[in-house]
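Novice: Single-letter residue listing:
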Amino acid sequence: MSILGSLASRDRVFDFLVPADSPVDVRHGPILYLEDVTVSFDGFKAIDTLNLTIDDGELRCIIGPNGAGKTTMMDIITGKTRPDSGKVWFGSRHDLLTMSEPQIASLGIGRKFQKPTVFEALSVFENLELAMAADKRILPTLTARMTGEIRERIDEVLLTIGLVEQRQRSASILSHGQKQWLEIGMLLMQRPRLLLVDEPVAGMTEQEMERTAELLTGLAGKQSVVVVEHDMGFVRSIARKVTVLHQGSVLAEGSMDQVASDPRVVEVYLGAEAEEELA
Amino acid sequence: MNASRRNMPFHPLKTPLRFVAAALLSLGVAAPALSQDEPIKVGILHSLSGTMAISESTLKDTVEMLIEQQNEQGGLLGRELEAVVVDPASDWPLFAERARELLAQEEVDVIFGNWTSVSRKSVLPVVEELNGLLFYPVQYEGEESSENVFYTGAAPNQQAIPAVNYLHDEVGVERWVLAGTDYVYPRTTNRILETYLKEELGVADEDILINYTPFGHSDWQNIVAEIKRFGSEGKKTAVVSTVNGDANVPFYRELGNQGIDAADIPVVAFSVGEQELSGIDTGPLVGHLAAWNYFMSVDTDANYDFIDAWIEHTGDEEAVTNDPMEAHYIGFNMWAEAVRKAGTTDVDAVKEAIIGVTVPNLSGGYAAMLPNHHITKPVMIGEIQDNGQFVVVWETPSTVAGDEWSDFLPGSRDLIADWRKPMECGNYNVREGRCMGSDAEAQAEEALAGN
Amino acid sequence: MRIPDAFKLPVMTRIVTLTLLCLLACLPAVGAAQNDRGHALLEGLVSRSFNDKADAIEAILQSEDERANDWLQALLDGNLQRLKEDGRFVVVVGNSGREWPVRDALSGEALGEISRRDLDRITINNALRGQLRSALSLVELYAGDERSRLAAAEGIIGEVDGELAAALESRLEEEESDKVRHRLSQALAVHRLERGEADAVETLAGSLNSNVRVALTRAAQSDDPALADAARRALADIQQTLKLNRVAETLYFGLSMGSVLVLAAIGLAITFGVMGVINMAHGELMMLGAYTTWAMQQLLPGQPGLALLLSIPAGFLVAALVGIAIERGVIQFLKGRPLETLLATFGISLILQQLVRTVISPLNRSVVTPEWMSGSVAINDALSLTLNRLYVMGFALLVFAALILIMRRTRLGLEVRAVTQNRAMARAMGIRATRVDILTFALGSGVAGLAGVALSQLTNVGPNLGQSYIIDSFMVVVFGGVGNLWGTLVAGLSLGVINQVLEPWAGAVLAKIMVLVFIILFIQKRPRGLFPQKGRAAEG
Amino acid sequence: MHWLGQPFRERSTLVFLGVLLLALAAVTLLHVAVPPEHPLYVSIYTVNLFGKYLSYALLAVAVDLVWGYLGILSLGHGAFFALGGYAMGMYLMRQIGDRGDYGNPDLPDFMVFLNWDSLPWYWQGFDMAWFAFLMVLLAPGLLALLFGFLAFRSRVTGVYLSIITQALTFALMLAFFRNEMGFGGNNGLTDFREILGFNLRSSDTRLGLFLASGAALAIGYVLCRAIVASKLGRVCVATRDAEARTRFLGYRVERFQLFVFVVSAMLAGLAGALYVPQVGIINPSEFSPLFSIEIVLWVALGGRATLYGAVIGAILVNYAKTVFTGVMPDAWLFSLGGLFVLVTVLLPRGVAGLLAFRFRRRGKSPGSLSGREVSA
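Keeping their order, the protein sequence lines are chains Y, F, L and R.
Here the first sequence stands for residues 51 to 329, numbered as in the working numbering.
Here the second sequence stands for residues 121 to 571, numbered as in the working numbering.
Here the third sequence stands for residues -1 to 538, numbered as in the working numbering.
Here the fourth sequence stands for residues 873 to 1248, numbered as in the working numbering.
What the hints contain is simulated information worked out from the structure, not anything from laboratory work.
Keep in mind that the hints are not guaranteed to be accurate.
Stated by the list, open to error - In silico contact screen, one side only, chain F against chain R (beta carbon under 10 Å); selected entries:
1. Glu202
2. Leu223
3. Val238
4. Leu244
5. Glu267
6. Tyr316
7. Ser398
Positions of the beta carbon are idealized from the N, C-alpha and C atoms, including for glycine.
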């Protein structure tokens, strides 16, 4: 593929935003479906009969106090932790509990970690290159060639996440916020059906936060996005539907206002301070 | 010591400085013609570091002492002897490398060296290829006779078989435990003994127990308990031990603690000498046996002189002597005698001259070099005393000739070695009437390649 | 010259007494020595033939000379020697070095130090040693205390002949101790059994003594059907008991080996498990502990037991101090780089080994086992537990208990656990993490030193001591689960038992390989060992 | 085969190959064309020594591939090296034919005197060079495949992996010490005569082996470089630094680890096969855990994750060993031990790190270690 060729087809600009041809079957309902999921560590129930459904194209925010089980829930969805009981389905065809992390990832579930995790020994460009949806078996990876098309796609994502300048820099020298974006960029390269985003704005400036919010809301609709966040302002700015987790199960669900006025939620968030925050 | 340091191996890549210096020298001075005054170089190939340094470093000192003594007597052929010491660091491939260094770089006239069989096997092709002389001072499993190697340690028939005879005839042993470390020497020795016991002494299968343990084995509980059970069935039982080095201490300790006394079940060892005992609390060992061709406690003036010289050389009042040291003593004197006889240090001449050379050993007798490159040795059985010495309780009436190819192994029964002309063969098959091993063609080729 | 009482005193006192006596009476005695009947008796021992010597010993026994006991004991110990010069018989009092102090065998007069060159030892062999022992033990049977009488009685089972039997019968009547009487009657019963008396089987039933078993086995093949049948039944019972004994024995062997493993690994479990530091020099710290024991024994010659007890704190201290040096000198610079600590401490282990080789000696050092730790406790005739291993087992459990207490009950333990779980938080709470690191490492190293002290009683004390245990120790810690002391205990003991169960069946080499392969496979199944740490804290 | 050509577009590889080629040519020339009396003459002894260093260098490159780029500290690579060596040794043993002491055309000498009746099944085929050379790669490769499959599948990582690799090589050492295994026990395999019809005791064959080692090192280096420079290489580095992240990107990390581990094991086997005919013996001590740790030191000293650093490290340490064990045998272990400590504490990026600092390389080669990720 020549650069010229890819320039000619400008209509494919937002190609990377289009979900990959995923075998996910969402004709009969939600894209993600958790039923009665329970997991315990040394007797402590981190997740307790959790039920959760995410619809296709939805942007869902999940909030909850520390230890509510948010990260553990993500671990379960991505195959890192196996629950003691319960069901986890991706669409109506894929039982996630039978799959490994890479399998789940290639189905189209992307995850951003709580702590920004990028490959510090590689350049920004290479980070994105690795994340790109491609044949990820060994031999194809070994013989993969850098084409103009790929370069272009990476450039586009770079533009989106605002790291064009840092393109050839080592990822280790990025600021905290930049690393967050790079990680989101890596998710975009994966072209997932479902994005799990764990605390995307931690350590970001107000301005950066706004851009992140824009980015996430822009994604919703085409892709489903689940955001776990502490920052209530940020949640309020993007949320359509909010789920409150508490002690490993759903405490409340609904619009931000509904949730904020729920007395149980207020209680969980410990009195006035939390109330103030929620308000 | 200093002499050896100065003569460390030199090759052109060692340091750039030397490199330049050598280049400059080569411009100015022509290589000096070989003169009779040039010293005779004696290579010493014993590990000075690593695990084998325990045993081998004393042998290095022994050869150095012998060289000193020889020089005090005016050297050899009017030339001084000079030690060239290298350290193969208990690393078997390194033995071959160092041997090559000694022969090819240093051009030594003779090498005294090696302890373990594997190191000898490693060096063997090098010594044969470069036509060197190697004197090997340690008891070994036999099954070898090289044109270039002289075996001054005991072959199995000079240690194992007489020991078994002693136990059978004098002690009345009827049941046998053959315990060894799992490597080639014990394996071969035990195989020879097993055949010998069955064929010559008529011992039944169920009266032989064979057991192998890994190097440095430290938990002997089970094995000693088994020996104890084996020995408690009414027949006099003995243990023939080819257990190696470090594993011996826990072995004897366990024997003592489980109440096995030398009077009940004696253990005769082939690898436990004075030096090994110096690191052991000998209390529980008293009365156990060892078979060697020399003990420090041997009561002759030659031996006392040797011990005194050794103590003086090491500066250690407590220094002990042992069997392989005597083997070097014999080997060194044999080589010196052969050089005198041949009038040159030329390897081929010495090889020819040395067969039949007879020198005194340290136990009041004589050792002769046989055509198979092994020597004659007396065999002694010693009992361990609480002072770490042995007292000789039995001795063969005359010396025993070393038998390189055991009569008790099917493969080697028909083989003999005779390095005299015209046979000149290390593995002549008597039945087939031909020399096995490297074909003449290859040897001719080698000779050509050598030139 | 008769000085009967002197011979009952211990050696040192005896010499003093003799010297005093000599002042009074020795002058004429020296001249008389050549005429002494004893000289002729001893002369019989100077022969190349061991048969002649056996006769000479018999003659000495028959002579009823008061000094006979002393001579025979000296002969047995290899101390009866002859001066080359004039053929006088002497007893060597000490035999290290080249000059040996001796005393005259006939008069007991001390003759000062004599070069070993001028002495001829009267050699004995094992047959003579046996003869001497039984002769001396018969004397014991009549004269000794209960313990030696019992040992003597046990010793003669299976050795009784007609002549002795009569003597034993009368001895049996005089004997007061039940235990000794039991043994004597067994000895007599074996004798009767050999003569074909079937009723002797009854006395012998259930005995696990090997000589009894041999006699019964022989009787079972006898032509007399009644005797053979009775013997066979008795044997079957005995075999059954023996089987049980073997199971118990294997278990004991396993636990004892296991406790050695636990001792070796427990220090590692602290440094590796709690601190995340992989200390490849752990084995060398054990080696230092063992060398401390040796050094202690050199400092306190003649008191190996006291030296051993003192080396417990000393070994701990030495190893702990070296541990602190390692921590301060190297490990503190490698925080959070576990694989690099592995390399660096491996380097340290090489240096320590070579240091010992250079400074002390490449040869093994001889560490003496104190009297109270040698030998074994007999549970019955077929099963006895070796004392040194019993002590080591107890010691291992004590060390383990102490460590558990330290970790659970002390401020240090609390701080260690806090630092392990969250270093930053612990620091914020005012815990000096550096100090905790030093103390933990010192504790782990000190425990390695303790293991070394114990090992000095079981194996070689030499530069290679550490190397032979380090891999095993790592296996135990990994198998048990890092950061879990109980895991280490269970892992060590079970690996010991597994090994000892496999060994008779597969041989020592194969057993060891099988255990290693087992651990490799086990780690695949449970990557974090038997008792893993769970939850998020275990990650990273 | 685009990916294989990639290394030739890198300056560092070209420099490396150039230096290697120059060295090989120089040694050959100084040996062949210079008369022996001349001070610049390189004796066959030295050529042989260099041949050994080169095979060690290849081994170091293999270790660097897994340690430097994959973050797996294998303390058992000596096992793969030794297995390759044994495969070669078995071939050389069979080449002796009936020229052994006992004149037995089928059985090697050590089997004859230990009463083996016939050749064990696993010795079959080793008389054929193609089979033996195949096994040089396959034997270590298969072991690595089996071991790696089990270990990576159950995500045994870090220290645990290091320790069980050590257990692996230790178990193999014990096994090969056993005479019943049929590999000559402690004595190993020795007294080789010829290889592919060339007399092993002639100088020309030795020179040939030296050149072959150089060629193997070049090929191995280029292969590793190609892997490292490919996208797969970047996945490896990604795995090394953030395994979970890589997994969530959809890469089956365990398969990548396995692939690289097996490639590395095969290279180590190749190194062993070249080592054996040059030193003339293979015995179980090559399996000793100590040797495996030493290899890691070569890499650490030279500089991790650079490949050429591994080569520098291997040659430097072994050259030092040759000199030191000659001059001051006692000091050798002190200096080796000291090196371990100093390199890890003071020189975490090794000699290559120093060089890089000195010459201020432009741009970064992918995957090199920066700052704190030096930790594994």
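Novice: It remains to establish, for every hint, whether it holds in the given structure.
Specialist: Hints, verified against the model:
no.	hint	result
1	Glu202	violated, 16 Å
2	Leu223	holds, 9 Å
3	Val238	holds, 5 Å
4	Leu244	holds, 6 Å
5	Glu267	violated, 12 Å
6	Tyr316	violated, 14 Å
7	Ser398	violated, 20 Å
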